[in-house]
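S.K.: Now for the letters of each chain:
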Amino acid sequence: MGYSGFRVIKEGLFGQRGWKPVWRDPEPKAEYDAIIIGGGGHGLATAYYLAKEHGLTNIAVLEKGYIGGGNVGRNTTIVRANYFLPGNSEFYSHSLKLWEGMEQDLNYNVMHSQRGLINLFHSDGQRDAFVRRGNAMINQGDDAILLDTDGVRKHLPYLDFDNVRFPIYGGLYHPRGGTARHDAVAWGYARGADQRGVDIIQNCEVTGIDIEGGVVKGVQTTRGAIKAKKVGIVVAGRSGQVAAMAGMRLPIESHVLQAFVTEGLKPIINHVVSFGMGHFYISQSDKGGLVFGGDLDFYSSYAARGNLPMKEHVMDAAMTLMPAIGKARVLRSWGGIMDMTPDGSPIIDKTPTEGLFIDCGWCYGGFKAVPGSGFSFAHLMATGQHHEPAAKFRLDRFRDGHGLMDEEGTGAQHNLH
Amino acid sequence: MRLTCPNCGERDRREFYYYGDAIALRRPAPDAVPEAWDDYLHNRKNPAGDTTDLWFHEAGCGAWLVVDRNTVTHAVHGATLAEKAKR
Ligand SMILES: Cc1cc2nc3c(=O)[nH]c(=O)nc-3n(C[C@H](O)[C@H](O)[C@H](O)COP(=O)(O)OP(=O)(O)OC[C@H]3O[C@@H](n4cnc5c(N)ncnc54)[C@H](O)[C@@H]3O)c2cc1C
Ligand SMILES: [Zn+2]
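Line by line, the protein sequences give chains W and D. Quick note: the first sequence uses the working numbering, first residue 1, plus one each step. Quick note: the second sequence uses the working numbering, first residue 1, plus one each step.
Think of the hints as simulated: they come from the structure by calculation, not from any bench. Misleading hints may appear alongside valid ones.
[Stated by the list, open to error] No more than 25 Å apart at the CA atoms, straight line, and that leaves these computed lysine to aspartate or glutamate pairs for DMTMM-like:
(1) D:Lys45 x W:Asp400
(2) W:Lys227 x W:Asp349
(3) D:Lys45 x D:Glu83
(4) D:Lys45 x W:Asp406
(5) W:Lys350 x D:Glu83
[Claimed, not checked] Quick partial rundown of chain W residues pointing at chain D, CB under 8 Å, derived from the structure:
(6) Gln241
(7) Met245
(8) Arg249
(9) Pro251
(10) Glu253
(11) Phe298
(12) Ser300
(13) Ser301
(14) Tyr302
(15) Asn307
(16) Arg399
(17) Asn415
[Stated by the list, open to error] Computed, partial: chain W to chain D, Cβ under 7 Å:
(18) Tyr169
(19) Gly240
(20) Ile252
(21) Ala303
(22) Pro309
(23) His313
(24) Pro342
(25) Phe398
(26) His414
For clarity, every value in this text was computed on a predicted model and none was experimentally measured. Even glycine gets a Cβ: it sits at the ideal position worked out from N, Cα and C.
Make a model of the complete structure from these sequences and hints.
M.R.: Structure representation (structure tokens):
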């Protein structure tokens, strides 16, 4: 049954007894046309678009834990299309357009809020770089507005504008940027895929990939062997382990990224604010918590929790940017396992094994990519052809250096992103 | 997280710069095939468990260390000087 305002009122009047689980809990079948390994945002979106755009409905999503337990439920929910380099630029632009139609398409409230993103700058050189980025965004058909100090002050009066080290010179404003409710995105795609016949199988860990004569035949799981003609690996931070089941070594290192949330407060931050010089960004959730984060801890890790030095660094940056935050109390912090590539850009490609595809390398920025990645990966799995907006996300770009997308301009080396 | 530098003793993680997998010590021959260079520069075992990686004691003695540690528990098992580890 669909959701509507009328239904919310009706259920309210009758004690909320009419709501049913929104996806089934099926036993795995012996065989599917396609299997998606990993029930995070990207895996679920891939299954959804395989069913919706390509009519492939005999498919299963295999998730080792529960839906929403991975990075899709751990991120700080920033959605934007402010990339600079060809490859990334068209991909994130396409993804943002899918975001803008997502709630109607899924009939699900993901609380997508285009509250605007402001990237701050603190020097003439940085301003030039942001002017260039803004022009690239406009050329791509997206929106960008350059703000001077007073322009930023109008939007964000609570910042420390005259900080000695980082005085605020202005900001690049991206009005279509914003946030969304991360779990709802996973749930919405899971529901949409399930409604189209996709089996979503939780507590089902893939432990092996069956390959015969260079062709994929299926997978081994903790719930038995399952055959499939096509298999897609979409496991984010666990990409290294799952790819190893197919004899591959990926250009990926898994790192920990932390995030923080305060107690619920009255509205103060109406935008997403990014303070690049402090490796700090912040927004306020609809519940009132200030949600903020910083950079990687910078050592490979699968612990899904970080260490104290990065926590201290993030708090320092918060105090530098907006001293008022010192009054707020941090409620909790957590970490996620990030699939970092050497150039900081993702991979959506075939593998050397026929019928086996991979979607990975989203680093710390794959939440905004959920619809675009699912759409483009489904296209690749269904048709065998790269989808135009994601056509540059090739696995072999590292070997020959052709087509590297180093958005930060720091070099295509593992420890630099 | 604290690392024990063979020269300086146990120190705060903040004194160290992280480089990555100790595969960096096994540089291919200059005329090796491109695949060997790709493996050396990019492709990683990326283990969930015990790993060996390189850390630079930037705010200490300035030595490169080969550190054995666990990526799941963050336990640090030990460190040796890279100049000695290098074959
Ligand atoms: C703290 C933090 C902040 C972030 N902030 C942002 C942000 O503001 N904006 C943004 O765009 N991005 C952000 N990200 C990045 C984003 O969350 C990720 O890039 C994205 O969620 C990864 O894709 P996913 O949703 O498919 O991953 P996941 O949800 O991790 O999905 C992968 C799934 O695969 C499953 N799996 C693994 N191995 C197996 C196996 N063998 N068998 C079966 N299943 C398996 C896992 O259990 C997991 O559920 C952030 C990440 C973190 C951790
Ligand atoms: Zn030392």
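S.K.: Hints first: check each against the structure and report whether it holds.
M.R.: Tested hints:
A distance of roughly 20 Å separates the Cα atoms of lysine 45 (chain D) and aspartate 400 (chain W); the hinted pair therefore holds under the 25 Å criterion. Distance check on the hinted pair: lysine 227 (chain W) and aspartate 349 (chain W) sit about 21 Å apart at the alpha-carbon level, within 25 Å; holds. The suggested pairing of lysine 45 (chain D) with glutamate 83 (chain D) holds, with an alpha-carbon distance near 23 Å, which does not exceed 25 Å. A hinted pair counts as satisfied when its Cα atoms are at most 25 Å apart, and lysine 45 (chain D) with aspartate 406 (chain W) qualifies at roughly 22 Å.
For the suggested pair lysine 350 (chain W) and glutamate 83 (chain D), the alpha carbons sit about 40 Å apart, so the restraint of at most 25 Å is broken. Taken as an interface hint, glutamine 241 (chain W) checks out: its beta carbon lies about 6 Å from the nearest beta carbon of chain D, inside 8 Å. The criterion of a C-beta within 8 Å of any C-beta in chain D is not met by methionine 245 (chain W), whose closest approach is roughly 13 Å, and the hint is violated. Residue-level restraint check for arginine 249 (chain W) holds (minimum Cβ-Cβ distance to chain D is 4 Å; threshold 8 Å).
Interface hint at proline 251 (chain W): satisfied, since its Cβ lies 4 Å from the closest Cβ of chain D, which is below the 8 Å cut-off. Checking glutamate 253 (chain W) against chain D: minimum C-beta separation of about 5 Å stays under 8 Å; hint holds. At its closest, the beta carbon of phenylalanine 298 (chain W) sits 5 Å from a beta carbon of chain D; the interface hint therefore holds under the 8 Å criterion. For serine 300 (chain W), the suggested interface contact is upheld, since its CB lies about 5 Å from the closest CB of chain D, less than 8 Å.
For serine 301 (chain W), the interface hint holds, since its Cβ comes within 8 Å of a Cβ in chain D; the closest pair sits about 5 Å apart. For the restraint placing tyrosine 302 (chain W) at the interface with chain D, the shortest Cβ-Cβ distance is roughly 4 Å, inside the 8 Å limit, so the hint holds. With a least beta-carbon distance of about 5 Å to chain D, the hint placing asparagine 307 (chain W) at the interface is held under the 8 Å criterion. Of the supplied interface hints, the one on arginine 399 (chain W) holds, with its beta-carbon coming within about 4 Å of a beta-carbon of chain D, less than 8 Å.
Here the hint on asparagine 415 (chain W) is kept, as its CB sits about 5 Å from the closest CB of chain D, short of 8 Å. Hint status for tyrosine 169 (chain W): violated, given a least beta-carbon distance of 30 Å to chain D, over 7 Å. Proximity of glycine 240 (chain W) to chain D holds as hinted, the smallest CB-CB distance being about 3 Å (cut-off 7 Å). For the restraint placing isoleucine 252 (chain W) at the interface with chain D, the shortest Cβ-Cβ distance is roughly 6 Å, inside the 7 Å limit, so the hint holds.
Given hint, alanine 303 (chain W) at the interface with chain D, holds; its Cβ is 5 Å from that chain's nearest Cβ, closer than 7 Å. Proximity of proline 309 (chain W) to chain D holds as hinted, the smallest CB-CB distance being about 5 Å (cut-off 7 Å). About 9 Å separates the beta-carbon of histidine 313 (chain W) from the nearest beta-carbon of chain D, more than 7 Å, and the hint is not met. Interface restraint check for proline 342 (chain W): the shortest CB-CB distance to chain D comes to about 5 Å, inside 7 Å, so the restraint holds.
Annotation: interface hint on phenylalanine 398 (chain W) holds; nearest CB of chain D at approximately 4 Å, less than 7 Å. Taken as an interface hint, histidine 414 (chain W) checks out: its beta carbon lies about 5 Å from the nearest beta carbon of chain D, inside 7 Å.
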